[in-house]
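Asker: Residues per chain, in single letters:
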Amino acid sequence: MGASGTAEPKTTYREAMREAIREALRSDDRVFLMGEDVGRYGGCFGVSFGLLEEFGPERVRDTPLSESAFVGAGIGAALAGMRPIVEIMTVNFSLLALDQILNNAATLLHMSGGQLPVPIVIRMTTGAGRQLAAQHSHSLEGWYAHIPGIRVLAPATIEDARHMLAPALADPDPVLIFEHGSLYGLAGELRPPTRPVDLDHAAIRRPGTDISLITYGGSLPKALAAADELAAEGVDAEVIDLRTLRPLDDAAVAASVARTHRAVLVDEAWRTGSLAAEVSARIAERSFYELDAPVERVCSAEVPIPYARRLEEAALPQSADIVAAAHRAVD
Amino acid sequence: MSLARPARTRQATAAPKPAQKSARSSRAPRAVPPAGRPAARHRADLLEAMLRIRRFEERCVELYSAAKIRGFVHLYIGEEAVAVGVNEVLTPEDAVVSTYREHGHALARGITAEAVMAEMYGKTTGCSGGRGGSMHLFDASRRFYGGSAIVAGGLPLAAGLALAGRMRGQNHVTCCFFGDGAFAEGEFHETANLAALWNLPLLLACENNLYAMGTALAREHAQADLAMRAASYGMPAWAVDGMDAEAVEQAARRAVEGIRAGTGPHFLELRTYRFRAHSMYDPDRYRDKAEVEQWKARDPINRLTDRMREDGQPVDEELEQIERRITEEIDHAVEAAEKAPEEPAENLLRHVTSARQGG
Amino acid sequence: MAEFTMPSLGADMDEGTLQEWLVQPGDVVRKGDPVAVVETAKSAIEVECFETGRMGELLVEPGTTVPVGTPLALIEPTAEGAGKPRKTEDEPPVRPVPAPVSAPTAGQDRGHIEAGPLVRHLAEQTGVDLEAVRGSGPGGRLTRTDVEQAAAATTAAARARVRATPLARRLAAERDIDLATVTGTGGDFAIRAADVREAAPRPEAPPPRHPAAPGRPAHPPEDRTAAMRRAIAGLMTRANRDIPHYYLSTTIDMAPAMEWLHEHNRRIPVAERILPAALLLKAAALAAREVPSLNGFWADDRFTAGEGVHLGVAVSLRGGGLVAPALHDADALELGELMTALKDLVARARTGRLRGSEVSDPTITVTNLGDQGVETVFGVIYPPQVALVGFGRIVDRPCAVDGLLGVRPVVTATLSADHRATDGAVGAHYLTAVDHLLRNPEQL
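These protein sequence lines are chains X, R and C, in that order.
Every letter in the first sequence is one number past the one before it in the working numbering, and letter 284, counting from 1, is 284.
Every letter in the second sequence is one number past the one before it in the working numbering, and letter 173, counting from 1, is 173.
Every letter in the third sequence is one number past the one before it in the working numbering, and letter 108, counting from 1, is 108.
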């Protein structure tokens with residue numbers, strides 16, 4: 001398997017996330033995992049496989065199909081001193097819990113004049129690309145990033161999958177973690193973090209001088225592939241992984257644009273009112289005089305994501321689209 | 001996913017029938033006074049708690065009309081026996097989740113008139129720092145978790161509070177107040193199912209005042225016997241005369257004792273009535289005046305004082321003292337609220353998140 | 001970055017006190033906009049900037065006295081103000097702009113534009129260059145309608161605006177490069193940063209200089225009269241010491257002029273009526289154009305002719321003292337315009353709101369003491385000018401006309417001239433010209 005005998009064994013994104021949850025359950029008895037099929041089934045995407053056996057049904061808790069009730073219960077438990085990790089199977093079903101997330105989790109601290117922080121972590125799968133059609137392919141993390149009072153994370157690497165959960169649990173306020181469905185199989189060596197993992201900063205996944213490809217989550221591999229292709233054509237692209245979608249790391253974006261003077265935003269959500277739109281606006285606000293080309297956006301087509309492979313591919317941002325956008329800005 | 005759940009040995013008591021009867025009955029069984037408190041004293045306490053809510057809200061109407069208080073204000077007048085009766089059986093360690101019609105719950109829970117009034121004024125000394133207003137009263141120290149203005153939105157939260165209590169090995173009860181309107185929401189049914197499924201220490205206190213805002217119970221529920229429907233989740237559930245503080249207290253005691261004994265969530269349908277419109281803006285066109293008068297004849301405060309008189313308690317003297325104390329208390333609350341500082345606009349972004357300024 | 005410096009508003013001005021900023025950092029200013037009020041020994045003066053651009057840092061606090069030439073603020077020039085876009089084959093042709101936009105008239109060619117703040121704001125919003133708009137208001141003043149019409153007319157022309165990225169614009173401004181001279185290679189031939197760098201690979205501009213001059217308190221108002229007196233004393237002493245004056249005088253029959261004026265004023269609203277003083281000024285200005293060797297400056301032992309006739313008008317101030325600000329291009333102003341400009345100038349001179357160029361620009365000065373009751377003025381020249389024209393009161397005098405004795409309105413015109421620059425014959429030529437003009441008022 002591994003070419004190098006001394007390298008650490010390969011880990012998948014899924015395993016990294018599981019390891020993070022396991023560590024949290026081991027190290028803090030206030031932590032428990034709750035959601036649909038997280039126990040016996042082992043998690044819809046296999047993330048929590050084996051945890052029921054290790055921690056028992058009180059702490060790895062299967063819920064009925066009642067997103068509003070179990071997300072709300074997570075919020076209530078957090079109010080009462082627990083550190084719940086609530087898994088919503090996918091972002092598509094989170095709409096059934098939107099009331100609890102927006103009207104309770106995000107507002108209780110403020111509404112109560114600072115008396116009631118809500119230290120809950122809500123994880124969910126997001127994104128398209130697996131021919132799951134319109135109701136199972138949403139990318140609504142940008143909606144959640146609209147809401148003051150919550151933190152929104154989008155781990156896009158094995159390292160972030162492994163290391164973002166602990167600081168998320170340590171955050172006294174609600175944290176939403178969006179795991180792109182296409183990333184779970186991502187395999188690689190899991191290196192120990194070179195510096196303390198924080199939830200405030202974007203990461204430069206590839207430095208470059210000619211153009212900034214700014215993205216997050218499931219679009220990161222596409223952006224990196226596009227950067228490779230651009231490099232072969234003589235364009236040195238920098239790839240920025242936002243990592244935290246709220247609060248946005250404006251400084252990192254501005255610094256990158258100051259280096260490259262051109263930006264392509266890659267976001268699997270629909271273009272209108274998207275996170276890409278927000279980042280674009282901030283670039284216009286903060287970096288206007290750095291821009292040497294109009295900001296480009298590569299987003300999903302404004303269509304319910306179709307089932308047929310050819311149509312789905314056409315609807316989603318692809319590396320070739322990113323390369324083309326980069327050329328428009330650079331050439 | 002299988003809909004079946006493991007059979008559990010638990011008494012899934014259906015609503016005892018006296019629901020209708022007790023609502024009509026003029027004389028409820030006497031509540032058992034807490035140990036060490038004579039029955040007469042206990043009744044006087046109930047009376048004072050109800051009067052505090054009544055007079056406080058009457059003052060709120062005045063202040064609202066004088067534009068001292070703004071926003072939505074939903075008055076509890078007529079329903080005082082519910083908050084007071086249920087609160088009698090809760091300990092300070094128990095948790096309470098309430099609705100947007102919660103002045104009564106807050107005051108009964110012991111939040112001072114001063115803190116509530118300051119909140120109505122939007123002042124920094126309010127129990128939510130002026131950020132909540134009438135609909136969002138909070139007091140973490142009294143485990144009073146609001147104050148939710150989304151109908152049924154507090155129910156899942158209450159289930160979580162109950163769950164945490166149990167996971168932490170505490171024998172606490174969480175009491176969630178909600179209305180007949182909430183019973184039509186999915187969140188009620190999700191929560192009832194979850195709570196019964198997980199055997200949570202949760203008291204579901206349904207204040208059935210017969211109207212979901214302007215929609216009458218019969219126009220909103222295919223089956224209007226709420227206690228019976230709640231029982232279908234496999235939890236003890238029964239209806240109570242919510243215009244009788246002692247009846248409410250007795251029913252709540254029975255439920256809470258059951259919950260503490262580990263028999264899971266209990267449902268109380270507290271049949272009551274608001275004497276005033278839904279909110280200050282409501283023209284109240286959907287209710288028959290005669291119906292309102294009929295319910296006013298069952299005013300829980302008069303009901304209790306009448307009973308005290310019948311039993312030969314010196315109620316008039318008592319009443320005079322209570323009224324004087326409450327007037328002073330509310331005068332003081334208004335005065336303090338008037339004088340209290342406003343939250344400066346520089347603090348606007350406080351309490352959006354704990355650690356960082358702003359969202 | 002351009003510097004806005006403490007201007008020299010006269011030969012007697014070595015320093016000035018910044019009294020007030022009329023702009024804030026970030027404000028867009030156009031060449032000729034008043035940006036600050038400077039208090040000199042003579043009066044508080046609105047000083048204008050000579051750059052179109054965006055106000056940068058203000059370097060001097062109000063109340064500070066600094067030497068002439070000290071930078072007061074930084075102005076970041078904008079490309080739009082740098083010049084017209086160069087026409088290339090790739091750009092659509094600039095469509096000729098129809099009326100009301102016309103070539104700048106001589107009178108409007110200067111930095112000074114008569115336009116109220118609303119009009120300026122509108123122009124700023126619509127991107128209309130006020131210097132290119134002819135005013136239809138009184139005295140050529142720009143009205144809102146003028147700007148709106150110009151904006152509509154320039155929409156087509158605006159398409160030919162230089163296309164440049166924000167970064168390219170910033171770099172061009174920093175390197176003082178006119179974007180119109182740069183060829184764009186970006187999308188739609190937009191100018192990009194690389195194009196600017198290629199156009200002039202100059203290093204970045206040096207950091208802005210900050211004034212080292214120590215601040216001194218401004219003159220308190222009660223001191224101003226005394227200070228002005230001292231300034232006038234210094235200047236006049238210098239004039240009388242350095243300038244060999246010669247004096248000429250002539251009496252001019254004003255009957256035709258007064259008759260013409262009477263007829264003219266009868267046809268127009270009272271508010272627009274022209275006073276005889278305007279006729280005198282116009283005549284003096286036209287004569288100065290005819291005799292250019294009296295219109296200019298003596299410096300470094302030689303005469304330099306003025307560019308245009310900017311008539312210094314002596315205005316006595318109510319609190320005492322005297323200023324002589326310029327009526328720019330007075331020779332080109334129609335009588336109505338001149339009248340309006342004169343009223344405005346006198347009003348501003350008396351309220352201490354003169355603009356810098358008005359104080360520094362006069363090429364010849366006229367003093368009219370007629371309203372003070374005197375008949376003849378022998379003035380002292382205002383250095384470095386070379387001539388001063390004086391008019392006395394217009395009075396009825398018995399005159400021989402066509403061999404008969406008649407009563408005529410007459411005025412005594414005098415000329416004080418610098419003998420270093422001209423001789424008596426030139427001066428005589430001048431007064432004759434004035435006389436001729438006033439006898440033929442339709443020429444004014």
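There may be inaccurate statements among the hints.
List time: in silico SDA-like cross-link candidates among lysine to any residue, alpha-carbon distance up to 25 Å [said to hold, decoys possible]:
#1 Lys-68(R) <-> Ala-297(R)
#2 Lys-343(C) <-> Gly-370(C)
#3 Lys-31(C) <-> Pro-148(X)
#4 Lys-343(C) <-> Arg-141(C)
#5 Lys-123(R) <-> Tyr-289(X)
#6 Lys-10(X) <-> Phe-45(X)
#7 Lys-31(C) <-> Glu-61(C)
#8 Lys-296(R) <-> Arg-324(R)
#9 Lys-123(R) <-> Pro-148(X)
To be clear, the hints were calculated from the coordinates, so they are not data collected in a lab.
Asker: Look at each hint and say if it fits the structure.
Answerer: Hint check results:
1. Lys-68(R) <-> Ala-297(R): This hinted pair is violated, its Cα atoms lying about 31 Å apart.
2. Lys-343(C) <-> Gly-370(C): With Cα atoms ~17 Å apart, Lys-343(C) and Gly-370(C) stay inside 25 Å; holds.
3. Lys-31(C) <-> Pro-148(X): violated, 46 Å
4. Lys-343(C) <-> Arg-141(C): holds, 13 Å
5. Lys-123(R) <-> Tyr-289(X): violated, 44 Å
6. Lys-10(X) <-> Phe-45(X): holds, 19 Å
7. Lys-31(C) <-> Glu-61(C): holds, 22 Å
8. Lys-296(R) <-> Arg-324(R): holds, 24 Å
9. Lys-123(R) <-> Pro-148(X): Holds, at about 23 Å.
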